[in-house]
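Novice: Whole structure, please, built from the sequences with the hints as guidance.
Protein chains: 4
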Amino acid sequence: MAMTPLVCGLQLYVGFTLRVFVNRSVTMEDIQCYGFDMDYTMAVYKSPDYESLGFEMIRDRMVSVGYPHELLRYTYDPSFPTRGLVIDTAFGNLLKVDSNGNILVCSHGFRFLKGVDVHLYYPNKFIQRDNTDRFHTLNTLFNLSETYFYSCLVDFFTRCNRYTNLLKGFQHGDLFMSYRSMFQDVRDTVDFIHDTGILKERTIKNMEKYVIRDPNLPVFLSRIKAVAKVFLATNSDYSYTEAIMNYLLENNPNAGREKRSWRSFFDLIVVDTKKPLFFAEGTVLRQVDTDTGKLRIGTYTGDLHAGTVYSGGSSDLICDLLDVKGKDILYVGDHIFGDILKSKKRQGWRTFLVVPELTKELQVWDEKKGLFEELKRLDVFLAELYKKLRPPSACCVCLQVLTYRMDMSYGQMGSLLRSGARQTLFGSQLMRYADLYSSNCINLLHYPFNYLFMINQTCMPHEAAAQHAADVASAELARTNNTAMMGRN
Amino acid sequence: MAMTPLVCGLQLYVGFTLRVFVNRSVTMEDIQCYGFDMDYTMAVYKSPDYESLGFEMIRDRMVSVGYPHELLRYTYDPSFPTRGLVIDTAFGNLLKVDSNGNILVCSHGFRFLKGVDVHLYYPNKFIQRDNTDRFHTLNTLFNLSETYFYSCLVDFFTRCNRYTNLLKGFQHGDLFMSYRSMFQDVRDTVDFIHDTGILKERTIKNMEKYVIRDPNLPVFLSRIKAVAKVFLATNSDYSYTEAIMNYLLENNPNAGREKRSWRSFFDLIVVDTKKPLFFAEGTVLRQVDTDTGKLRIGTYTGDLHAGTVYSGGSSDLICDLLDVKGKDILYVGDHIFGDILKSKKRQGWRTFLVVPELTKELQVWDEKKGLFEELKRLDVFLAELYKKLRPPSACCVCLQVLTYRMDMSYGQMGSLLRSGARQTLFGSQLMRYADLYSSNCINLLHYPFNYLFMINQTCMPHEAAAQHAADVASAELARTNNTAMMGRN
Amino acid sequence: MAMTPLVCGLQLYVGFTLRVFVNRSVTMEDIQCYGFDMDYTMAVYKSPDYESLGFEMIRDRMVSVGYPHELLRYTYDPSFPTRGLVIDTAFGNLLKVDSNGNILVCSHGFRFLKGVDVHLYYPNKFIQRDNTDRFHTLNTLFNLSETYFYSCLVDFFTRCNRYTNLLKGFQHGDLFMSYRSMFQDVRDTVDFIHDTGILKERTIKNMEKYVIRDPNLPVFLSRIKAVAKVFLATNSDYSYTEAIMNYLLENNPNAGREKRSWRSFFDLIVVDTKKPLFFAEGTVLRQVDTDTGKLRIGTYTGDLHAGTVYSGGSSDLICDLLDVKGKDILYVGDHIFGDILKSKKRQGWRTFLVVPELTKELQVWDEKKGLFEELKRLDVFLAELYKKLRPPSACCVCLQVLTYRMDMSYGQMGSLLRSGARQTLFGSQLMRYADLYSSNCINLLHYPFNYLFMINQTCMPHEAAAQHAADVASAELARTNNTAMMGRN
Amino acid sequence: MAMTPLVCGLQLYVGFTLRVFVNRSVTMEDIQCYGFDMDYTMAVYKSPDYESLGFEMIRDRMVSVGYPHELLRYTYDPSFPTRGLVIDTAFGNLLKVDSNGNILVCSHGFRFLKGVDVHLYYPNKFIQRDNTDRFHTLNTLFNLSETYFYSCLVDFFTRCNRYTNLLKGFQHGDLFMSYRSMFQDVRDTVDFIHDTGILKERTIKNMEKYVIRDPNLPVFLSRIKAVAKVFLATNSDYSYTEAIMNYLLENNPNAGREKRSWRSFFDLIVVDTKKPLFFAEGTVLRQVDTDTGKLRIGTYTGDLHAGTVYSGGSSDLICDLLDVKGKDILYVGDHIFGDILKSKKRQGWRTFLVVPELTKELQVWDEKKGLFEELKRLDVFLAELYKKLRPPSACCVCLQVLTYRMDMSYGQMGSLLRSGARQTLFGSQLMRYADLYSSNCINLLHYPFNYLFMINQTCMPHEAAAQHAADVASAELARTNNTAMMGRN
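Listed in order, the protein sequences are those of chains A, B, C and D. According to the UniProt record's numbering, the first sequence is numbered sequentially starting from 1. According to the UniProt record's numbering, the second sequence is numbered sequentially starting from 1. According to the UniProt record's numbering, the third sequence is numbered sequentially starting from 1. According to the UniProt record's numbering, the fourth sequence is numbered sequentially starting from 1.
In short, the hints are calculated from the structure, not lab data. Among the clues, some could well be false.
For identical chains, the list gives no copy identity; a pair is met inside one copy or between any two copies.
Below 20 Å or equal to it, Euclidean Cα-Cα: the simulated DMTMM-like pairs (lysine to aspartate or glutamate) are [to be verified]:
id	residue 1	residue 2
1	Lys294	Glu70
2	Lys205	Asp49
3	Lys325	Glu281
4	Lys200	Asp60
5	Lys46	Glu367
6	Lys168	Asp155
7	Lys325	Asp117
8	Lys325	Asp30
9	Lys376	Asp366
10	Lys294	Asp471
11	Lys368	Asp471
12	Lys274	Asp188
Specialist: Spelled out as structure tokens, the structure:
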């Protein structure tokens with residue numbers, strides 16, 4: 001059955017904020033199975049309302065367990081945090097790093113540290129990211145509110161003159177508050193909010209305010225299901241999944257006349273997946289009784305019935321149930337580690353990363369790409385200066401200013417993906433592990449289902465150099481020939 | 001003191017086989033310390049003579065411990081193995097994989113498996129590289145001879161009709177020879193050859209035949225030492241290091257009139273480094289008595305004297321002794337894992353990977369880049385076909401043929417760095433961990449010591465798309481304007 | 001100050017059920033600090049009421065999440081489970097093992113397996129206890145109710161003819177219920193009951209029913225505090241600790257006229273200790289605000305004030321705060337692993353294990369020790385038979401019958417500490433790690449505080465043999481002499 | 001077939017130095033398979049000649065690699081070291097500890113530290129044995145020479161006034177020699193001596209001097225083989241095994257008239273076993289070509305032929321080949337960890353520990369058991385003093401003196417198995433893991449093959465107390481009755 005894309009296939013005509021971008025070529029015709037995460041993938045939360053809600057819950061709980069009331073004055077500022085930042089729990093700093101652990105940006109509370117100050121903390125401007133006991137990477141959009149709240153904490157205690165600033169925390173009379181214990185308190189609070197379900201409860205009560213419902217979602221899933229198998233694999237529990245998916249699909253204005261269960265859009269639904277464990281040994285697979293929302297005791301061993309809901313399991317079990325192999329699956333998720341890196345490295349799945357921030361990133365890039373061009377020109381100029389053995393100091397300052405200006409266009413912490421000319425850890429992971437990425441999974445709708453997502457073949461540095469040398473030579477040849485020809489004329 | 005490079009600084013004029021290539025910009029002016037590995041870095045072994053020597057030692061030893069005499073008929077064939085291949089000890093296959101574990105090429109003995117056959121072994125055409133108990137990556141040039149010998153073994157037993165072929169090995173009467181035990185025997189043999197020192201002995205006896213002596217090495221090191229600290233850090237023991245470095249530097253025709261100890265070229269010499277352990281906790285640091293070649297008992301605690309030789313230690317100790325920080329060091333080595341990945345990830349050093357194969361890689365690329373261009377054109381054509389919903393099967397065959405032709409230009413296993421349009425594991429590690437790379441460390445001589453190695457800033461796919469859209473728009477605008485203008489005319 | 005014990009010091013006069021038993025000599029005069037666990041140490045729960053309560057909560061919750069209603073018919077039977085049993089989650093068996101993993105008793109549900117049947121599951125009658133993924137040891141009195149409930153589950157499904165018995169679980173139509181998943185469900189349910197605090201709530205509401213209040217406890221603690229430092233270290237949270245300790249000490253009829261806070265009995269109180277982690281790296285130490293029950297933010301760094309309550313921390317921190325060393329501390333607890341083994345092996349503390357079951361064990365022993373004597377005589381007889389090369393089969397049967405009769409005197413699973421002549425895992429751990437043990441910590445009151453708990457020095461087998469040989473020889477000598485003397489008369 | 005033991009079966013008549021001692025009853029009739037280690041089990045090395053040889057080789061090599069020539073003055077002193085001591089590589093001390101890590105004896109070089117001095121190093125008189133990076137336990141008789149040599153080293157440098165004593169080592173000008181690096185040097189030297197085979201070479205050259213040949217060994221093995229399967233499992237290589245076993249069995253004066261291969265005494269011979277790995281995952285099993293001594297390539301898969309020699313493998317493979325289960329095997333070895341603990345804990349085998357030191361231990365015990373009796377009496381007296389609240393200080397000194405006198409009867413480090421009344425780590429491991437033990441494996445010959453090794457059933461402390469109370473009561477009753485009866489008369 002030939003599919004008609006909503007928007008015609010010529011890529012040029014897809015507005016670039018709606019596009020799917022390609023790190024490794026994917027022939028959609030070969031994809032026999034689509035898997036989706038739910039949170040921030042199917043269900044995108046409204047920013048900054050949702051993050052504000054999370055922030056306030058953390059803040060209020062922290063105050064209620066004894067943190068100073070002055071903290072209540074802080075409100076969520078979406079311009080500050082980005083995903084992929086690293087908290088150094090020893091010194092209370094927030095770090096933006098590249099894939100090798102080199103520090104790109106460092107803030108202490110809301111104060112951004114200059115190079116010399118960064119050196120005081122990190123003599124080599126470098127961290128050993130493997131030390132996960134000390135360094136915590138905030139990989140998901142759910143982490144934005146805690147990232148921001150932790151900065152508020154550091155900001156407050158640093159400024160408050162009741163507290164003395166020490167290297168590893170604050171002293172107040174007989175009391176020592178380490179950055180580490182403050183981080184632990186924030187983590188415990190976040191766990192409390194998730195475990196008690198109070199954030200979910202508030203979300204469900206006010207769906208319109210917190211969850212984006214894309215009117216095209218029913219059409220999108222129907223079309224996929226017509227050509228391939230479809231599954232949902234979420235770490236959320238069944239009752240929340242039910243509430244969210246019901247809102248997205250059954251109550252969708254575009255849901256169509258005939259009432260259709262949201263579960264009928266999927267061949268298989270798996271909740272409580274415990275990703276990333278799901279992509280390794282997994283847990284026991286249980287069937288969910290969709291009437292009561294409770295787990296059936298025992299494990300279902302019969303044939304697959306469409307729309308059946310399971311809890312737990314593993315990616316291997318899912319492949320068995322759906323009778324597909326890793327390479328046949330395109331898995332769509334928002335979690336660079338739990339969804340994308342793990343499914344790629346452990347199982348060899350095709351991956352599609354949803355990056356909601358991309359809409360803004362593209363916008364800023366479009367407006368400010370002049371800065372990047374300038375940066376490139378300055379690089380070349382700087383290289384020339386070095387070749388001519390001239391002191392390049394003024395030029396370096398220029399570079400820093402440009403990088404800073406470029407960063408500031410994105411927000412206080414700069415872009416999710418780069419700092420000036422350098423790529424962030426998140427950016428490099430996106431390029432390594434996500435075959436495709438886009439601001440929204442529904443953007444797949446703009447492409448026919450037998451589309452070939454093709455990378456622009458790039459050369460390695462030595463190949464490019466060889467290429468360049470050849471081009472120059474042939475240009476030279478052409479010039480000579482031309483001259484010769486001209487001479488002839 | 002201003003340095004005059006042997007070859008003038010404008011990069012264009014450095015022949016591209018002599019160039020240093022850049023993955024991340026490095027300002028040489030900031031480098032205060034140069035570190036060098038010895039084997040395949042300072043001392044490049046002559047290929048294929050040296051690999052042949054290793055191969056024969058392995059082969060003869062294996063026969064002497066009981067493997068069939070028919071194996072003596074095999075000789076080393078440099079056109080077969082490349083670095084970075086993976087041995088699957090379960091099935092006896094040699095694999096070329098990309099950074100995510102997807103299989104690019106698979107051979108069994110000398111037979112290259114077709115897609116369908118690969119699927120029989122690996123249903124997902126994918127391996128979990130983390131399973132190091134099963135999969136062994138052959139990262140160094142020293143591994144070439146054993147890689148080849150293992151293929152000879154598999155080839156022999158597969159063809160020999162005394163043996164029955166089973167999935168995991170060969171049966172011969174009551175005897176079962178698993179691929180795994182054969183691999184273990186090869187490893188044990190290689191260890192025997194290294195531990196007994198017989199390979200080193202043969203090498204030292206015939207230096208001219210096995211070791212390349214670059215006449216520029218003394219000049220190169222002298223120049224570096226004039227502007228920065230220099231150290232040698234090798235896993236070899238002292239006596240071998242002494243023999244090799246003496247040959248390279250003291251017996252060098254360009255060594256200069258005044259007799260100068262090879263040790264005087266270095267501020268610090270460390271042998272028995274046990275890399276990669278050296279970049280982590282390391283071992284006890286001992287001083288070597290250069291008269292006897294024996295270790296001094298105890299650890300030296302005084303000031304650093306130039307040319308002192310140590311054994312063991314760790315990268316942290318070296319930084320202390322030389323009073324430098326990780327970012328100040330450019331470390332030059334040939335081992336992608338032990339030298340480059342570890343010094344970069346654990347210590348944040350600047351890294352320079354020596355890739356002797358690069359000379360040939362560049363040569364082939366230069367000759368055959370037409371194939372790559374064709375590959376790119378075919379990709380575009382294929383994408384167009386998909387957009388127009390036409391069956392692309394013929395085109396796919398073309399792609400495979402082109403990829404195969406391109407691979408064959410490099411050797412039977414194809415390029416070290418790519419397979420058609422896809423990058424190998426080795427290639428991707430080179431790009432991630434080596435700031436600079438070149439076919440020979442001495443190529444640094446072609447650049448002034450305050451050179452800025454600058455990367456060509458690249459855009460991420462979404463940025464490139466935005467760029468492209470803008471270009472098209474402005475081209476369109478220009479066209480319109482032109483037309484308008486033309487209309488005006 | 002000389003202490004007058006409640007009961008005079010001559011050990012003989014302490015009824016043996018009130019005694020403290022000795023595995024390694026302890027000079028009480030050297031003990032400078034007493035530490036106590038709370039649950040089952042200070043606060044002993046009334047058996048079987050408390051276990052019944054736990055059992056019913058587990059049972060009801062399991063039924064409410066979907067397990068068959070028929071399970072409601074089961075009630076707690078205190079004669080079945082003992083501490084220290086091992087669940088084999090693969091086959092659903094309950095095992096009693098010795099310290100080396102040899103199986104002493106094996107039940108499947110309530111059916112006790114005979115030797116041949118045990119061999120079917122365990123060909124070597126042996127388990128590798130290290131495999132903690134498969135084998136779960138139920139070390140605490142809290143585990144009794146789940147131990148029993150798991151046996152009820154296995155019993156029910158084995159008998160119910162709706163289910164087919166398979167090696168690793170039960171099949172019911174399309175549903176497979178593995179022993180492993182059933183065990184997981186029980187564990188999850190127990191966690192639910194503890195995490196939600198519903199068991200604690202019910203306990204607090206009906207203290208009289210569930211908690212034994214020893215009238216001597218205030219006197220006991222006062223006396224100790226007069227001669228040494230005293231601390232409480234419990235894994236329970238503050239509010240539960242407050243409720244329990246208040247009941248035990250402040251509402252105690254013997255509390256004395258003057259109202260005295262329970263906290264004043266201790267120099268230091270630590271809740272949320274997370275033992276066994278507490279004896280290793282521990283967690284952050286926080287102060288508890290005893291007015292609100294909430295944690296103070298930050299860590300207290302000042303001097304120690306008596307009765308201050310902390311949360312978390314580690315044994316090292318406690319030693320620092322109290323200024324004592326490991327050997328100065330006698331730690332009294334009921335958890336063989338979390339309290340006793342860890343404090344002994346990691347910290348070198350003196351240990352006192354509370355074994356409430358000991359009252360009954362001693363009672364049975366007293367009544368049935370004739371059986372043990374008989375067992376010993378039978379052993380000797382058997383050995384004689386072997387020496388005389390006679391077939392001992394009838395005798396072996398006798399031994400089994402005797403062992404069975406002895407076991408049955410204790411309960412269905414036999415004694416906590418032995419099975420016939422062989423010691424259980426629990427028994428051997430008690431002897432290795434507990435310096436002292438008793439049925440109740442308050443039994444220490446029967447001894448003066450400068451008492452010397454002395455072991456009866458025992459010989460190793462070869463020493464005993466040498467001893468015996470000497471005794472025989474001297475007896476022989478004596479006999480000869482006697483005869484001689486008699487002859488003289 | 002009924003066996004006639006060489007010595008009649010009544011245990012009393014077996015001289016106690018020839019006896020087998022029992023920790024757990026073993027019915028020999030059930031043993032279907034006997035396994036033997038070779039070194040120090042079948043082949044007992046002559047003490048102190050063999051240890052002296054090892055000592056001299058270590059000493060000479062250390063001097064030849066640069067340690068001071070004065071060390072050559074040291075000679076081996078068998079009265080100093082015992083097995084089971086622990087080296088603290090941080091402080092250079094030699095420790096004798098109990099099973100929980102409490103320090104019993106501590107020497108620095110040859111100086112024995114008093115209590116206060118021990119406290120300076122170990123404030124709690126306790127070590128965390130788990131820290132195997134710091135603490136090395138010297139478990140085998142092979143370790144005696146290095147134990148002694150390490151003490152010589154510490155002794156020399158401590159006394160030599162060229163060196164300054166520091167906490168962690170010695171300073172000499174610019175050179176620091178840590179205790180840790182000195183320990184590493186000794187270990188490396190020992191490895192060198194074993195790897196190069198020079199110790200084995202010297203042993204083989206002078207068998208009479210170094211190896212005890214028991215004339216009864218052929219008879220012993222023949223008798224066992226008549227009733228059970230027999231295997232040899234040694235970590236030694238084939239050529240050494242061949243030399244030793246040939247000397248023990250073929251050249252044995254009692255070997256009998258007909259020439260019989262030593263291999264014919266065994267059903268299976270396994271060399272290169274790599275115990276303790278052998279009792280876990282093991283290595284590849286290879287057949288040894290007994291003509292050439294080389295490994296056959298491949299793995300033998302056919303039936304078992306008596307006397308076949310294998311290399312590698314694992315205990316599981318051995319059970320398969322011999323068709324026996326763990327409980328059917330009695331494994332006889334001298335290595336408490338590699339042979340006994342591992343085979344018992346991982347595989348549930350029956351175990352027999354050979355303790356050559358036992359001959360002397362028994363001799364000393366026999367002579368000095370009066371001291372132990374005195375110790376026991378003093379204990380009782382001390383306990384009485386405590387009860388009567390009298391200062392026991394003089395008595396404590398007495399205890400220490402007695403303990404010291406008892407220790408000195410065994411040697412400078414005291415007994416292998418105890419220190420005064422307390423058991424060593426080695427002693428407690430012997431009791432936990434060895435079912436049987438004896439000074440020589442051949443002592444089994446003194447028992448019929450259907451013997452029942454029976455433990456003397458012992459009571460736990462609380463059982464003994466109950467027993468005692470009952471005895472007292474019945475004695476009291478008897479006395480009363482007697483009195484009554486007497487009254488009647």
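Novice: Next, verify each hint and record whether it holds.
Specialist: Each hint, compared with the structure:
For a Cα distance limit of 20 Å, the shortest separation of Lys294 from Glu70 across copies, 19 Å, qualifies, whereas the shortest one inside one copy, 43 Å, does not. Only within a single protomer do Lys205 and Asp49 lie at most 20 Å apart by alpha-carbon distance; the minimum there is 14 Å, versus 43 Å between protomers. For the homomeric pair Lys325 and Glu281, the shortest alpha-carbon distance inside one copy (17 Å) is at most 20 Å, but the shortest distance between copies (32 Å) is not. In this assembly of identical chains, the alpha carbons of Lys200 and Asp60 lie at most 20 Å apart only when taken from the same copy (16 Å versus 27 Å across copies).
Taking the shortest alpha-carbon separations for Lys46 and Glu367, neither the intra-copy value of 24 Å nor the inter-copy value of 54 Å comes in at or below 20 Å. Proximity of Lys168 and Asp155 under a CA criterion of 20 Å is satisfied intra-copy only: 14 Å inside one chain copy versus 44 Å between copies. Within a single copy, Lys325 and Asp117 get their C-alpha atoms only as close as 51 Å, which misses the 20 Å cut-off; across copies the closest is 16 Å, which meets it. In the homo-oligomer, the alpha carbons of Lys325 and Asp30 lie at most 20 Å apart inside one protomer (11 Å), although the nearest pairing across protomers, at 50 Å, exceeds that limit.
In the homo-oligomer, the alpha carbons of Lys376 and Asp366 lie at most 20 Å apart inside one protomer (16 Å), although the nearest pairing across protomers, at 27 Å, exceeds that limit. For the identical chains of this complex, Lys294 and Asp471 are neighbours neither inside a copy (67 Å) nor across copies (56 Å), given an alpha-carbon limit of 20 Å. For the identical chains of this complex, Lys368 and Asp471 are inter-copy neighbours only, at 14 Å across copies versus 31 Å inside a copy, given an alpha-carbon limit of 20 Å. For the identical chains of this complex, Lys274 and Asp188 are neighbours both inside a copy (19 Å) and across copies (15 Å), given an alpha-carbon limit of 20 Å.
The structure shown violates the earlier hints numbered 5 and 10.
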